[in-house]
Amino acid sequence: MTTQDTGEVEDLDGFRQRARAFVRVNLRPADPAVVSARLMLPEEETLAAVARERELQRMLFDAGLAGICVPREYGGQGLTPDHQQVLNSELAGYEYPMRLQIPTFVPCAAVLFDRGTEEQKQRHLPAILKGDELWVQFLSEPSGGSDMAGALTNAVRDGDEWVLNGSKLWTTNASWSDWALCLARTNWDVPKHRGLTVFMLPIRQPGIEIRPIEMLNGSKEFCQEFLTDVRVPDSHRVGDVDDGWSVCIRWMFHERMLFNSPLLTIPAGAAPGSVVSPTSMRDIARDAARLQDPAARDLVGEAYMLTVAKGELERRLREGIAAGVLSDQAAAIGRVFGALVSTRTTDIAFELAGDTGVAWANDDGTLANRGTDFLMRQAGCIGGGTAEMARNVISERVLGMPREPAADRGIAFRDAPRSHSART
Amino acid sequence: MRLVLSSDQAFFRDTTAKFLTEQAPVGELRRLRHDPAGFDGEYWRQGAQLGWTSLLVGEEHGGGSISGDGLVDLTLVADTFGRHAAPGPLAAANVVAAALSRAGDAHADVVADLVSGTALASWCVAEPRPHNRLGSVRLRVRVEGGDVVVNGAKRPVESAAQASHLLVTGRTGEGLTQVLVPAVAPGVSIVPLHTVDLTRRFFAVTFDDVRVPVERVVGEIGGADAEVEHQRQLAAVVGTAEAVGAMQAAFELTVQWAFDRYSFGRPLASYQALKHRFADMKAWLEASNAVSDAAAAAVGAGSPEAGALVSVAKAYIGDYGSRLLQDCVQLHGGIGLTFEHDLHLFLRRHTVNRALDGTPADHRQRLADLVEQREDAA
Ligand SMILES: Cc1cc2nc3c(=O)[nH]c(=O)nc-3n(C[C@H](O)[C@H](O)[C@H](O)COP(=O)(O)OP(=O)(O)OC[C@H]3O[C@@H](n4cnc5c(N)ncnc54)[C@H](O)[C@@H]3O)c2cc1C
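Chains as they are written, first to last, in the numbering used here: chain G, 1 to 424; chain Y, 1001 to 1378.
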């Protein structure tokens, strides 16, 4: 999404000085307790953290450090991924607007940038960069998430408006966000990919009931929403009517690039997503009194190897896609690799923690909760589209292997077979 | 290999690829199976003319790079070697030529012969068990008047019987010393070892009171530790780039097979269980390319991250490359285990490179050392 203004691009050294000055003066050190990949804070603490993160985003915006790769006309800085890297390295060890990165910047803002109208971009991108709007994805439904094009949420046109009914599921951050990108069905009489449309909607409104879902680790970052006669002006439509699938293709691309996107501000060394960082792995081995144990060192070395390999693979994919030598579908390679690394590093952290990982005291430091992380291990293989779906993409779209047979191809969606629970 | 090459680099790589297609086709590799050297001198001389041995050598000694970074250029040759399972001690030849060139003009005559491909020199660094762990050196180099005296053993040493000179790493007191020993020097004995590669040859070399003039020392007496570490990095970069080339060739062969081979009336490539294994292999392959290129770039640029990236590349490519190659065998079925099929050529090449210059487990231990030393970001 990088577009550079025609004017002079700020040189990297000057930018670094500017970023460093801001960070040193304004930010607090990162909370060292945040080593567990998945946070479970009481609700009030989560809300306070979100408020602080909105404030941090606003401070970055006012300092000219928000939206480094977003063009200036949308409130960004019009700089390059290299500048973003510099900012990330200057932020190392400091607090940052963690919860705003995903899904607000990626994929939501990225999709708006790619497919929104000029007016939509003018209205929302600056608001996002100021921390005023947090976004979520209304994509998965109770009837299924992998088969995204099988969405059942119904949108019917009524004059200049659309009326939406249905339910969305697994919406990360919905309890405290503001807007959603929503995939809905606008035509049931054509094959599934040809009857979808994407809308933007504010999620705090009477027609939307938001229910938090408790995950097995106790976290409530996910929600289910029930949409009842939600009215959306046609001006909030993203892309053409019934052309939602082409928006989804960009949407999935950004979702697969995820941590590889130049739109994210994540301090260097902070572990993205469910990956345990190498330094926290060392701390776990130390706290487990196994730092000198060769078997433990082998695991620490392996975790470091995988984390570095992930970073280098992401760089390769980013550069290859930017240069046009790889297709956008190659992003699925990074997605599968990320799943592999998060699974293995979660295993390693749990192994290092030993029995303390399943029976811990409050003062067990980095060993506490490792068992809980292990229970949630597969999250990294499911969220953002499953690893199996990414494997389908690699084999079919990158390697050109035959596509899986599908019983819903070429028939009107209303006649397509669907899950037991979703039959009417 | 990098996804984006300059036109000069692409031309350079293509020249070697074309040469190997003509000079080292699979039939020739099989013919060389029982050849004591594993390749003939003329092949190596012609390869040297294509730049195989000069990329890490200073211009003053007849070397030079294509892109300004000779090591990155050399990985293009190495990758191509891997894709062809080509004969020749590419890593060792380049490491020695680079080391001698870096040491100044004292060994310029030997460097000239290495660059032209008229002679080979072997890199003698690894030692017999129990000292065969990464970085361990027990061979002694002692100074006696105007001579140095070498005592100890090295193995495996690639192409030692074909070499005119041996670059030997030993210990003088606490520090390391490197000596360029003529292969014919009295007290040197060279015994062939068995190996899994069809065309590469390894030897056990012993040095029994081998006496050479002190002028044969390369670099500082007792002060070669950093230089030896750098040589290990160079060898690992060439070895991993070659291993990735072998993985690439095996993967392409297996993808094609999956399209061509039918079972129950449809191609193997149409079975999701197998498609997903190909998807994983593709991810391992791209990650292997990424870490191999990152290591080459870091070592070439003298980056402080070089040691870590080399160990990541050795550990990752060794481990996941083997998984990939064994999966390729599995997906071929019985034919994959035959001598007649080409797959084993690549399996062999990767397997040798995995075990040389430190196993994946050795390098994971190194990475643990690095992580332990690393300061917290905060
Ligand atoms: C951490 C996390 C965050 C999430 N955030 C959001 C969010 O913000 N917004 C949102 O809309 N959704 C979100 N999701 C939902 C997520 O996108 C879906 O869970 C996911 O796409 C899978 O859909 P599903 O759960 O319905 O499983 P299903 O689609 O029913 O799949 C069940 C199993 O079958 C496999 N499968 C399905 N089809 C195929 C096929 N064709 N070939 C091979 N295997 C197949 C799947 O891989 C999976 O293993 C999130 C999920 C997680 C875990």
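Warning: the hint list may mix true and false statements.
If you want the ones that stay clear, here's a sample from chain G, every Cβ over 12 Å from chain Y, calculated [stated by the list, open to error]:
no., residue
1, ASP132
2, GLY145
3, VAL163
4, SER277
5, LEU313
6, ARG315
7, ARG391
8, GLY400
Derived CB-CB ranges, DEER-like [to be verified]:
no., chain 1, residue 1, chain 2, residue 2, range
9, Y, GLN1373, G, ARG16, 20 to 30 Å
10, Y, THR1338, G, GLU404, 44 to 54 Å
11, Y, GLN1373, G, PRO29, 15 to 25 Å
12, G, ALA295, Y, PRO1128, 21 to 31 Å
13, G, ALA127, Y, ARG1133, 31 to 41 Å
14, Y, THR1338, G, PRO402, 47 to 57 Å
15, Y, ASP1040, G, ALA268, 28 to 38 Å
16, Y, THR1338, G, LEU375, 58 to 68 Å
17, Y, GLN1373, G, VAL325, 54 to 64 Å
18, G, ARG28, Y, GLN1373, 38 to 48 Å
19, Y, ASP1105, G, ARG28, 31 to 41 Å
It is worth saying that the hints were derived from the structure and are not from the lab. Note that beta-carbon positions come from the ideal geometry of N, C-alpha and C, so glycine has one too.
Index of numbered hints that the structure contradicts, given in increasing order: Result: hints 4, 5, 6, 7, 8, 10, 13, 14, 15, 16, 17, 18 and 19 break, sorted rising.
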